[in-house]
Amino acid sequence: MKADTRHRMTMGTRVRFLLRLLGATGLLIALAAGLFLASSLGSVTVDDATHVYKNAIDGTAGQTARIIAFALAGGLALIALLLVVEMLGMLSSGARGRGVTGANSFVQIVLAVGIVAGLNVFAFNHSVDVDLTRAKQFTLPAEVVSELQKLKSETTIVVLQQHKTFGQLSAKPDRFDYAAERKVVEKVIDLVDVFRRFGPQFRVVVLDVEEDGYDAKLAELVKNYKNLGDAVKTAPENSIFFLSEGRVQRMSFNEFYQLDKSRSKQEGNNLVLQPQGITAFVRNIVAVQQKRPRVALAVMHEWLATEVTQGQEQYSQAGLRQSLTEYGFDVADLVLKANHRGEDLEGDPAALSLEENKLKSAEEDLQGAERRVTSSETQVKRLQTLKTRAEEVKDKPLAARGAVYRDMSRDVVGRQIAGDLDEEDEKYFLRLLARRVDIAERELVENTTQRDKYAREVATIRKQERAIEDMFVTDVKAKLTRLLNECDLLIIPRMTIINATIGFTLPAKLHDMAAIQAEVIKDFMKQGKPVLVCAGPTNEPGQTARPESPDELEKLLLERGIELGGQTILFDSESSAFRAQLAGKSFGGAVIPPLSFEPLELPPGKVINPLGAVMLAAMHSIDEKLKITPRALRPVYVTREQQNRMPYLAEFVWSAAESWNESRPFFQSVRAVGPDGRPVRAFYIPQFDPISLDDTEKNARDQERRGPFPVGVAFEDYTPRAWDGDAAIRSRSRIAVIGQGGIFSGKTLEPATERLLLNTCNWLTSRDDRLTNTTQPTWKFPRVTMSDAAKQRWHWGTFIGLPALFIWMGLVVLMIRRVR
Amino acid sequence: MRPMLSLIKREFAAYFLSPIAYVVLAVFLLVTGHLFFLTLNLLTESGPRGVEFPMQTMLGDEKFWLVFLFIPPLLTMRLFAEERGTGTLEMLMTAPVRDWQVVLAKFTACFLFYLVLWIPTIVYWPVLTDFQSVSFDWKNTSKSIPVLIAAGTCAVLFLVNILPLGAWFRFILLIALALGPAGVYIWLYDLHVVPGFVNIPADGKAMLIGVQVGVLLAAFVCLFLLPFAILRLTGEDFDVAVSAVGWLQFAISAVFVGVHLSRTHAEGVFQPVHLVTGIDPRPLAVSYLGVFLAGGMFLSLGLFISSLVKSQMVAALVSLICSLFFIVGGFWRPELDPSDLTYRVINYVSVPLHFSHDFTRGILNTSHLVLYVSLTVLFLFLTVRSLETRRWK
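The listed protein sequences derive, respectively, from chains A and B.
Residues in the first sequence are numbered consecutively from 416, following my numbering.
Residues in the second sequence are numbered consecutively from 7, following my numbering.
Hints in this document: simulated from the structure, not taken from any laboratory.
Among these hints, one or two may not hold up.
A short, non-exhaustive set of chain B residues, derived as facing chain A with CB atoms under 7 Å [claimed, not checked]:
{"no.": "1", "residue": "Y28"}
{"no.": "2", "residue": "V37"}
{"no.": "3", "residue": "H40"}
{"no.": "4", "residue": "G53"}
{"no.": "5", "residue": "F119"}
{"no.": "6", "residue": "L123"}
{"no.": "7", "residue": "W124"}
{"no.": "8", "residue": "P132"}
{"no.": "9", "residue": "V133"}
{"no.": "10", "residue": "F137"}
{"no.": "11", "residue": "I168"}
{"no.": "12", "residue": "A212"}
{"no.": "13", "residue": "I215"}
{"no.": "14", "residue": "G216"}
{"no.": "15", "residue": "Q218"}
{"no.": "16", "residue": "S373"}
Below 25 Å or equal to it, Euclidean Cα-Cα: the simulated SDA-like pairs (lysine to any residue) are [claimed, not checked]:
{"no.": "17", "chain 1": "A", "residue 1": "K1206", "chain 2": "B", "residue 2": "T372"}
{"no.": "18", "chain 1": "A", "residue 1": "K602", "chain 2": "B", "residue 2": "R350"}
{"no.": "19", "chain 1": "A", "residue 1": "K602", "chain 2": "B", "residue 2": "R55"}
{"no.": "20", "chain 1": "A", "residue 1": "K602", "chain 2": "B", "residue 2": "T372"}
{"no.": "21", "chain 1": "A", "residue 1": "K587", "chain 2": "A", "residue 2": "D546"}
{"no.": "22", "chain 1": "A", "residue 1": "K602", "chain 2": "A", "residue 2": "V560"}
{"no.": "23", "chain 1": "A", "residue 1": "K579", "chain 2": "A", "residue 2": "K1195"}
{"no.": "24", "chain 1": "A", "residue 1": "K632", "chain 2": "A", "residue 2": "D462"}
{"no.": "25", "chain 1": "A", "residue 1": "K602", "chain 2": "B", "residue 2": "Q138"}
{"no.": "26", "chain 1": "A", "residue 1": "K1195", "chain 2": "B", "residue 2": "W106"}
{"no.": "27", "chain 1": "A", "residue 1": "K970", "chain 2": "A", "residue 2": "K1195"}
{"no.": "28", "chain 1": "A", "residue 1": "K602", "chain 2": "A", "residue 2": "D546"}
{"no.": "29", "chain 1": "A", "residue 1": "K970", "chain 2": "A", "residue 2": "I1100"}
{"no.": "30", "chain 1": "A", "residue 1": "K551", "chain 2": "B", "residue 2": "L171"}
Note that this is a predicted model, so its numbers are computed, not measured.
Idealized CB from N, CA, C, for every residue including glycine.
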């Protein structure tokens, strides 16, 4: 019987079988080796794979890895060999009769695959996203696109989740905060995905402090961006960092999407976010190099500046500097008074920059140290002389030695010794002398070390040209003008009453500004630059009359339509504290109700103050009052003419309703006459005394009445006509006044106070895009309203009903087929 | 054309005669029903949780794709493998029908069944879009009349193409449908019988009509006569050529209706349908488009595999493994930088990622469309070649 030719084993068949077997084995080996090497990959990139393979092949990764790398190469070589042989086989069969059709088909397939591959490569590199959403939420505004297209460098966006309260304004994060946090991370990633269509590469890294591997991830980033480490450490809340060319820029989650907790609760606990616009986000990318606005802090005493003086922390504005610096401002101190004297700390007008002030202080310290060194040297010399004299007489009789010791006794013992000395007295005297010499020498060393330290400090500061230059300028006006010209915002804190219940105050006179200084500030405003004045009440303990007439700064404010009240706002809780103090039950502590940013009623035709609206939005973001609780506020009013010019209410913050304005805000003892006609000790306790209806001061601005009182105004307007004379174009400038000088004082600021400071400074410097944008439509999860019963019907109907229907249909078809 | 229609009918009906179709339908609806329930929970949530794009929970979820992975192989495994196994493929190959017609018919049939799978999910739409009301507002204007004419033409063309008409009769009807509606439009436009149409001055009217008729005839020659002539000259049968130009004409009309509607809708000048929904319905529509196109790709892949093997089970398993290539990228989520090439390549081929990132959020990315359509065409082409191989082997 003829053998079946289909199963005949020719030489060619055997070779082909062998090659295919080898090819398959090679594939298996390559796969296994590839998997082994892939386990060493740090990341799945071509570069990393090449690196791992090179390390393996040259033996750096160990002998096993080397063998496996060779196995991989061998496996790939076998596959390549198989492919080449198969290709040759196809070509040779294509040349034969029946193979022509096959070859033709093969060529067609190769061409089709080539076309499809080419098409896909093109699509891969030139894909277009068509945004078909109704709100075009994945389409960037044209101006943003043009900005992004200008970017050439790579930008890494780091999303840092610290799980701190959204904006830190409320004490403890709740479910809304966490939900908002998650959504913002999502939104950032989405937005950067959209950005990738334009300009350079954008990268997003999400860092979660609670995630495993957080430190390693951060360290990897810090390798390329050294500033990031510090920025992450000091970041006060959940933040987004923009890293480009070694620079770091931060924005908080709130600046991208602000949680509106009030509305969230109103809308059935849905998450409601207030988008701040893409522009704000892009600004941070585009402006990683953006100039930081410079804030000048003009104070009357260096203790009130931003540098902390040990023991005087409560007066310093260190917290203000820290907050402003963290949020993109530079802060410079200006000290406007020097040579303070007397109880009122009055001094001479000055304009000292921080560097100059430091130099001045350092030089004063150096002088003091030098004096101390000279004094120590004299003392040491004197005691050494006494010691020498005592040694010279040691061989003389005791009586003679006693006479010498008696002569030296004032310097050694501190008093004149009378009478004879015995040997015990002598021993004591000599021990004391030796001790005195020792102490004097030690003091000399200490004083010399200190002097050298101050000398080095002075030398370092003297190297700064700026400090030296400033020292030679004696014209206060010129100097202040020059210093202010470099600044974009001026803050003038005038801390006065710190706690009225215990009479803790700074003298109001300390803050009196000289006319030339006020003149410079006027010029500053005329340039269109903004000013923030934090002016505390000027009432003083023991004062019964009204405070004196306003100083130069207050006059300037009056010209701009801002009147500062002459009284102190006290709260009902403070009145109780006064009584408790009198009864010996308390030291004057009182719970102060927080400030309010919501006007009682808007005047007709006016809208809410823009700064007030921003603060209200911050309040809504946590659904509770912002905990800003300053004591001893001063009413701040706006003249009627000024208010009429404004489209919005000039006032933006009010004291709580449980308050009154008091001309004598301090608890004090007074002389009174007892029932028997003899003088007795009595106490004046500040309390609300309603003015009688026939009083002449009735309806006056400073009439004693119940709160709430306006304690802050902010507006933008032209400078007064009188300032510009005949100038055709008057400049507009923004101004804000808050009736508390120490509202931003202290080593650190409370989150709510910090928010007030930042919002005020951002608004004043026209960084409106950093303020809460309430004009954008809010974002929230879509919701479908339905009853529980309807929901159950939908659930079971779709989950069980629909499949059951088709199973029934299948059964019916099966039964019909069986019947047939 | 008729044999092809018969084939489609036969294949399509075959699905409903086998229990596997109902099992697939039931399992598919169980899974989508469960995902719908999850979405419903998020949409009716009483806390600060929810879903911004409901289709993201439905189709962006891994569970969906794990189940979806099995559906195309189950639908396609029997298409050629069964014929091969039972030996009926030879009969089919000797029938007066071309290989591409066989492939296209089988693909169309299984694609139609795939569409049927999705039809019950229409039930979810009112919830997924928070449907509130729909109203119709039709006015005879210069914007609405052309749409009406084109839509009517489109409908008639569809009927002409699918009804078993004689080739010559169909040819004449197609010519009438190409010239008639355009003629009506010119008549309406020039005689401004409908408010809103341009009032043409009498002196320029003759010239304008001349230009319009010229453009119409040129379009007729280019889009109808020329393709028809090319097909005939390349050896195609008369009825095939007529069918081809018939469908081409239908496609042009449909595109015209779509473009005109979207333009007028965007401009706000013509909105015949006012759909009031609480949730944007467009991501839903885009998701369905994506599901159909991606389904086409997987089905064509399954069809190709089915044409290569005899066993249905092997066909299903191999196509399942091949489909994994387009699915697993979505499950494997390494810490990759999205701008990195590796991530971009994974993202390019990973269908679940296309859905979770783009389709379900209302974004139509051209690269996904190119991938789906090009691979569908390629696999169909390879299937035809695979069938042809049997002839010359």
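Structure-based check of all given hints:
1. At a threshold of 7 Å, the smallest CB-CB gap from Y28 of chain B to chain A is about 3 Å, leaving the interface hint in force.
2. Below 7 Å, beta-carbon pairs count as interface contacts, and V37 of chain B has none with chain A, the closest being about 9 Å; its hint is therefore violated.
3. Annotation: interface hint on H40 of chain B holds; nearest CB of chain A at approximately 6 Å, less than 7 Å.
4. Satisfaction of the interface hint for G53 of chain B is found here, the shortest Cβ-Cβ separation to chain A being roughly 5 Å, below the 7 Å cut-off.
5. Proximity of F119 of chain B to chain A is violated relative to the hint, the smallest CB-CB distance being about 12 Å (cut-off 7 Å).
6. The beta carbon of L123 of chain B comes no nearer than 10 Å to any beta carbon in chain A, farther than 7 Å, and the hint placing it at the interface is violated.
7. With a cut of 7 Å, the hint placing W124 of chain B at the interface with chain A is violated, because the nearest CB-to-CB distance is about 12 Å.
8. Interface hint at P132 of chain B: violated, since its Cβ lies 9 Å from the closest Cβ of chain A, which is beyond the 7 Å cut-off.
9. With its C-beta approaching chain A no nearer than about 6 Å, V133 of chain B sits inside the 7 Å limit, and its interface hint holds.
10. At its closest, the beta carbon of F137 of chain B sits 9 Å from a beta carbon of chain A; the interface hint therefore is violated under the 7 Å criterion.
11. Interface restraint check: I168 of chain B against chain A, minimum CB-CB distance 25 Å, threshold 7 Å, status violated.
12. Below 7 Å, beta-carbon pairs count as interface contacts, and A212 of chain B has none with chain A, the closest being about 43 Å; its hint is therefore violated.
13. Residue-level restraint check for I215 of chain B is violated (minimum Cβ-Cβ distance to chain A is 38 Å; threshold 7 Å).
14. A distance limit of 7 Å between C-beta atoms decides the matter here; for G216 of chain B the minimum to chain A is near 39 Å, and the interface restraint is violated.
15. For Q218 of chain B, the suggested interface contact is broken, since its CB lies about 33 Å from the closest CB of chain A, more than 7 Å.
16. Nearest Cβ of chain A to the Cβ of S373 of chain B: about 4 Å, under the 7 Å cut. The hint holds.
17. Between K1206 of chain A and T372 of chain B the alpha-carbon distance is near 37 Å, which puts this suggested pair outside the 25 Å criterion.
18. With a C-alpha separation of about 20 Å, the suggested pairing of K602 of chain A with R350 of chain B holds against the 25 Å cut-off.
19. With a C-alpha separation of about 15 Å, the suggested pairing of K602 of chain A with R55 of chain B holds against the 25 Å cut-off.
20. Restraint check for K602 of chain A and T372 of chain B: the C-alpha separation of about 23 Å stays at or below 25 Å, so the hint holds.
21. Proposed proximity of K587 of chain A and D546 of chain A is contradicted: the alpha carbons are some 39 Å apart, above 25 Å.
22. With a CA separation close to 18 Å, the supplied pair K602 of chain A and V560 of chain A stays within the 25 Å bound.
23. Annotation: proposed proximity of K579 of chain A to K1195 of chain A holds, straight-line Cα distance about 22 Å (limit 25 Å).
24. This hinted pair checks out: K632 of chain A and D462 of chain A have alpha carbons roughly 19 Å apart, not beyond 25 Å.
25. As the CA atoms of K602 of chain A and Q138 of chain B are separated by approximately 28 Å, the hinted pair breaks the 25 Å bound.
26. With a C-alpha separation of about 51 Å, the suggested pairing of K1195 of chain A with W106 of chain B is violated against the 25 Å cut-off.
27. A distance of roughly 49 Å separates the Cα atoms of K970 of chain A and K1195 of chain A; the hinted pair therefore is violated under the 25 Å criterion.
28. Restraint check for K602 of chain A and D546 of chain A: the C-alpha separation of about 16 Å stays at or below 25 Å, so the hint holds.
29. Between K970 of chain A and I1100 of chain A the CA atoms are separated by roughly 32 Å; this puts the pair beyond 25 Å, and the hint is violated.
30. Restraint check for K551 of chain A and L171 of chain B: not satisfied, since their Cα atoms lie roughly 46 Å apart, outside the 25 Å limit.
Of the hints listed earlier, those the structure fails to meet are numbers 2, 5, 6, 7, 8, 10, 11, 12, 13, 14, 15, 17, 21, 25, 26, 27, 29, 30, in rising order.
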